[in-house]
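Chain by chain, the residues:
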Amino acid sequence: MLVPTIGIEVHVELKSKGKVFSKAENNFNASTNTNVTVLDLGYPGTLPNLNKEVVNMAIKACLAFNCNITRSMHFDRKNYFYPDLPKGYQITQQKTPIGTDGYVEIDINGEKKRIRLERMHIEEDTCKSIHTEKATLLNFNRAGVPLIEIVSRPDMKSAEEAMKYVEKLRETLLYLGISDVKIEEGSMRCDVNISVAEESSTLLGTKVEIKNIGSISNVGVAINYEIKRQSEILEKGDIIHEETRRFNDKTMSTIAMRSKETGNDYRYFPEPDLPYFHISDEWIKEIEDSMPIMPEVLRSEYESLGLNEKNRNTIIASKAMCEFFEIYKNDMNPIILSNLLTGDIISIMNKNDLDFGDIHLTRENLKSFVNALETGKISSKQGKEILPILINKGGNFEELIKELGCEQISDEASLLEMIKKIISENPDSVEDFKNGKDRAVKYLMGQIMKVSKGQANPVLTGNLLEKELQKL
Amino acid sequence: MQGLSIEEVIHVADLANLTLTEEEKKKFACQLQDILSDIDKIVAIDIKEEQEILIAPTENYDIYHNDEVEGGLEMKDILKNANKTSGDYITVPKVLDE
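If you're matching them up, the sequences are chains A and B in order.
First residue of the first sequence? That's 1 in my numbering, and the numbers climb one at a time after it.
First residue of the second sequence? That's 1 in my numbering, and the numbers climb one at a time after it.
This is chain A alone, in the form it adopts within the complex (with noise of 0.2 Å):
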């Protein structure tokens, strides 16, 4: 049977204020060729100068990815002519990556899988080519911007694997607050590489490499796309030959773009521009002690709370949703919280197009929501008509619903005299009853909600119905 074999490289974007090499400011949503100073242009005479806060961020990543930290480190120049890139030359670090040895651990089917990193690097952005009928157009504010890259092993045996693992980078990357990691908008990278082999064989296939994909789900397609593409040629008794491919995200499909270079190619050399930078065992400590929560931590606390897979999944998908929860979780009842958030309020905030900056629902209207769906002051149905207003408007949740005549009525004896009133009204549903047909009961129940215009607590007043029918 013929296997996969998955490596992944992930680029990703810091979200610095400067740029790794200059001081201009990195901002993806900056009006074209604003932030460029003559370093990113790659003019002569001009020299780098290393940006510490890229360093910080970096050593954040390789603690969160548990990679060994190189102690002394230099960067190296990647040589190559091509037009993103106007001084001739990448800066990077080849032979001496800030962090290797890491590994992150996805969940397969309950269990859990270790992928390994094979190393992490920091390096500089290639400004950003536009490719139009006539010409290709350059913006130079990307150019500089700090990226790492993340270079997995090739660990992974199925596109659900790799899928797993990039939303796991995705996930704690946006957590450790260093990068956007928006894949759509290519503050997040990945590069797949992928062979098929024979399971008995020790050799690994040829390796051909995808590029341009432009969503987690993607990674999936892409790569279920290329199983297919490489078996059938291996079966037909063809070879592969080592290219890079890229996906097409309108068909769905990978085409050939290059054949591969070699590493060669690139004559790496180190960069003579930049000194060795230390990294001090004071200054990872000084990290360690200001990381943040990491999402698996939170997502075992979630667990511990009550909370369903899905619900815990999709709040620690969105930092904005995580943050909302993690104020108010002490609060409340968790467990009808985590429903509320993962969907009345949120679907209500997309209809509206807010973000939660913009709501006006307060911690007391929100607390004593959740209290009024616990013990059944309100309905859920009753709660679907309530939240929208606490959210666009505000307002006071305990008079609001007695202006809309929402409050449920819970006190027993005035229940009591409303079921005794409809029983003496409906005899011909009491005899029903009598001869045991169970639609009696719910007759009664619709005609007591009529007449106390929905405002009956259900279930007391189911309880109390039946109650009174066995007296009788």
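Calculated from the structure, these hints are not laboratory results.
Ideal placement from N, C-alpha and C gives every residue a C-beta, glycine not left out.
Interface residues of chain A toward chain B, partial, derived using beta-carbon atoms under 8 Å:
| no. | residue |
| --- | --- |
| 1 | LYS23 |
| 2 | GLU53 |
| 3 | HIS74 |
| 4 | SER129 |
| 5 | PRO272 |
| 6 | ASP273 |
Using the hints provided, position chain B relative to the given structure of chain A.
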């Protein structure tokens, strides 16, 4: 010492996207060989494995800046030295392979 072959000169020229005349190929083969011979002298120096090789002509290590942002160039200066521009962009001949 073996001289640099014409094939090697062509390969290096290809990597830099340069087209050389036959005459230039021979000329650069000699010149590149001279550079390599000088490098060989450095390579021949016996250094211990654990010795840190000086990569930058300075002993001032750990020189950083602290994530400060300073205003960049004005657009007209960014575009000034480009052969061709289009709107706010620097333009280059269409690149086909990516």
